[in-house]
Amino acid sequence: MSDKTEYKGLKGWIEHRLPIFSSLEHFSKYQTPKNLNYAWNFGSMAGIALVLQILTGLLLAMHYTPHIKMAFQSVESIMRDVNYGWLLRYMHAVGASMFFMVVYAHIARGLYYGSYKSPRELLWFFGIILFLAMMATAFMGYVLPWGQMSFWGATVITNLFSAFPLVGESIVTWLWGGFSVGNPTLNRFFALHYLLPFMLLGLVVIHIATLHQHGSNNPTGLDVKSKKDTINFHPYYTVKDFVGFGIFFIIYAYFVFFEPNYLGHPDNYIPANPMVTPTHIVPEWYFLPFYAILRSIPNKLAGVLAMFGSILILFFLPWLDKCKIRSGNYRPIFKVAYLFFIIDVVFLGWLGGKPAEGDYISMAQVATFFYFFYFLILVPVISIYEKTKPLPASISEDFAKHKGA
Amino acid sequence: MTNRRDFIVLTASALTAIGAASFMWPVIDSLNPSADVLALASTEVDLTSIKEGQVVKVAWRGKPVFVKYRTPEEIAAAKTVPLSELRDPETDEQRTKPGHEQWLIMVAICTHLGCIPIPDSGDFGGYFCPCHGSDYDTAGRIRKGPAPLNLIIPEYKFLTDTKILIG
Amino acid sequence: MRNFLLIIFTIFISLMANANEDAMHPKKEAWPFDGIFGKVDREAAQRGYKVYKEVCSACHSMDLIAFRTLTDIGFSKEEVKALAAESQIHDGPNDQGEMFDRPRTPADFLPAPFPNEQAARAANNGAYPPDLSLIIKARHDGANYVHALLNGFTEPNKEGLVIPNGMYYNPYFPGHKIAMAPPLAEGQVTFDDGTNSTIEQMSRDVVVFLQWAAEPEMEVRKRMGIKTMIFLLIFTGFFIVAKRRIWKNVK
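Residue numbers (the working numbering), protein chains in the order written: chain A, 1 to 405; chain B, 1 to 167; chain C, 1 to 251.
Please note that the accuracy of each hint is not assured.
Restricting the straight-line Cα-Cα distance to at most 25 Å, the calculated cross-link-like pairs of lysine to aspartate or glutamate (DMTMM-like) are [stated by the list, open to error]: (1) B/163 <-> C/91; (2) C/222 <-> A/267; (3) C/28 <-> A/259; (4) C/81 <-> A/386; (5) C/222 <-> C/34; (6) C/39 <-> A/81; (7) B/51 <-> B/93; (8) C/81 <-> B/36.
Reference excerpt, derived from the structure (chain B facing chain A, CB under 10 Å, subset only) [to be verified]: (9) 7; (10) 9; (11) 35.
These are computed hints drawn from the structure, not numbers from a lab.
Cβ atoms here follow ideal geometry from the backbone N, Cα and C, with glycine treated the same way.
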């Protein structure tokens, strides 16, 4: 990379040995499509969320004890005795929810604007891997306070693996480190919960590197054709990202300071009791759609496969969706199907929080069916037969027409 | 245009810096001793069971503390030492409370490298540290050996004549 | 697109309200600690502590509350020391290797009526009186739930539910029958400040106390929240204006 700028003095000395300043310039002058809308803010917001989780998590780990006899108490000691401990704890708990909120919005953007299509398939894959790692981290993290939901959520979800024939039981015993969820389980979940976020950081670096290969997608889905289509990342998108951060922090602060337990479950303030099952075991809200899919299928193994399948199917999307047009803005039929898909996922989430009784069962089955129907039938068929709307001539033309998204 | 640009940059940086700094204080303060640790920062010691000439070792903030009921001979020996002979000059009065000179309260950690000295031993009738030979007198002042300072007197007060609060 | 997603999110979140379907919904009372300016009424909390101590502590522990924290609700350091010293705690070993009893200090926690869950169940027909340190957070709409529950024993059994011996009818408890006998009676506790100790009064005061016990940081948290929100609104407002200015000249 040839540095067009000559760095003098101390800057020059460092630059010659480690090109920090030219890298900063590269990022700030990075050519970005000028027509990105606020749906493109969620990636950077996810980055902030990750950093906050690592920082608050690290500080919590200084006071937390991962032993079943002390875990619940150590968390309460953080809440009551550690200076600002309550702030760190609520930031970490609410932060997890914020992280998922933002990532779901980020995925929704990708699904609508065809960001998974060529040449961004690998970018999409790393995103799914990031999502899976995030879910594993969140699942293990929720076990750590050792409340009723921590214990029973861990029991239910680890028990799922017994669905696999022949090896299932051994896998579960291996995961538990014992004959039920207990101290070995808690200890290893703590170690892994501490480790995984740093792997997330590495995956984020690869995710961004993959992005920079071809640059960001944009609301038209058109490729960048000339310099007229792009602007410098700094100051335009740095400042716009800060607007996003401001809104992110306002929502975050509202929950942390005024409704810190709204997104959680009261049962987790009851210490774990292996002899008493809570009336309704529910995971945190961000897992509810998958929980609904899992329960909707009466066969244990099929339910597990459907649940994992609902995420793994995303890997095939670049090939299921055959439309040459990327953006949903120019695909009127796809747009309607997508709207129904989003409603379906929200519906699945609502169902996941309900007991698996009565009408809820059939509703969840319909919703699960539609989820897979969308990816396996609707999207491919629409992509082949749909008559798309005419595309604008270029990004710059689209921007001039809509000026100021 | 540059003026307005500068203003924007300046205010943006200032706001971000204020935000980051206000978050930094809770981060740093969370590492300070928490309320339950501070609650155990003071230890009460009942002196009634300690006989004249006896020394008792109590725990205070995780550290050993000598509580010594000195004999009149030990007090006299401490008072006759000229300050010029002391590496860390302190009078006996400076190391005890007025009206309670028979009580010597000291942190039982050798000021050399941290071992616990042995009471009623050494050449000065005081305290001898077996690790490297530091020798303290009956007021706990360093007389011989590598330790640089006298044994530390912690903050304490007499709640009654027979009860002290350390810390 | 963003507005669309925000609307979906809001609908999703409001659908999340998850109540205990079985139990009757408790009446929404106005509490002094409600809202962003909520405070802990110190007098009520002190009366509530007395109710806990003289009535509830016979069966319910509060293992997470240390005596020293009672200064938060207005007791002086001397009063706290005296309250702690009223009971003995097992400690040791001493220098002879023996365990011994000593009076509690402010650093110790409130004494529990039973040494463990099994003893508690054995003394209460198999039912376990839960620890109350977090009860307000451990139940949906905790404050209203506890208040309704304590007053709910007088509700008539209109549904004709069969109540076995040792249980009591209370529609606010899931399943409508509870193993706890009505704990409060008129005039049961004599309040030092002369307040009339009706069941309603005692239940309100004990809820204020329990709310403080569950969330001692609440006042600090809400105060910090207001300051943070104001800062963030200024911060975001500034960046919105800055963004518009900077983007104005993009063609």
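Is the Cα-Cα distance between residue 51 of chain B and residue 93 of chain B 25 Å or less? With Cα atoms ~22 Å apart, residue 51 of chain B and residue 93 of chain B stay inside 25 Å; holds.
Would the hint linking residue 81 of chain C and residue 36 of chain B be met if the CA-CA limit is 25 Å? holds (16 Å)
Is the hinted pair residue 163 of chain B and residue 91 of chain C satisfied, with a Cα-Cα distance of at most 25 Å? holds (20 Å)
So if I understand the rule, the pair passes when the alpha-carbon distance is 25 Å or less; does residue 39 of chain C with residue 81 of chain A pass? holds (20 Å)
Between residue 28 of chain C and residue 259 of chain A, does the CA-CA distance stay at or below 25 Å? Satisfied, since the Cα-Cα distance of roughly 17 Å is no more than 25 Å.
25 Å limit on alpha-carbon distance, applied to hinted pair residue 222 of chain C and residue 267 of chain A: holds (24 Å)
Compare the distance between the alpha carbons of residue 222 of chain C and residue 34 of chain C with 25 Å, and conclude whether the hinted pair is satisfied. holds (10 Å)
Tell me if residue 35 of chain B is really an interface residue toward chain A, meaning its C-beta lies closer than 10 Å to one of theirs. It holds, given that the least Cβ distance between residue 35 of chain B and chain A is near 4 Å, below 10 Å.
Decide if the proposed pair is consistent with the structure: residue 81 of chain C and residue 386 of chain A, CA atoms, cutoff 25 Å inclusive. violated (79 Å)
Evaluation of the interface hint that places residue 9 of chain B against chain A, nearest CB under 10 Å: holds (8 Å)
Chain A contact restraint for residue 7 of chain B - C-beta distance below 10 Å: violated (13 Å)
In summary, the structure is inconsistent with hints 4 and 9 from the numbered list given earlier, while agreeing with the others.
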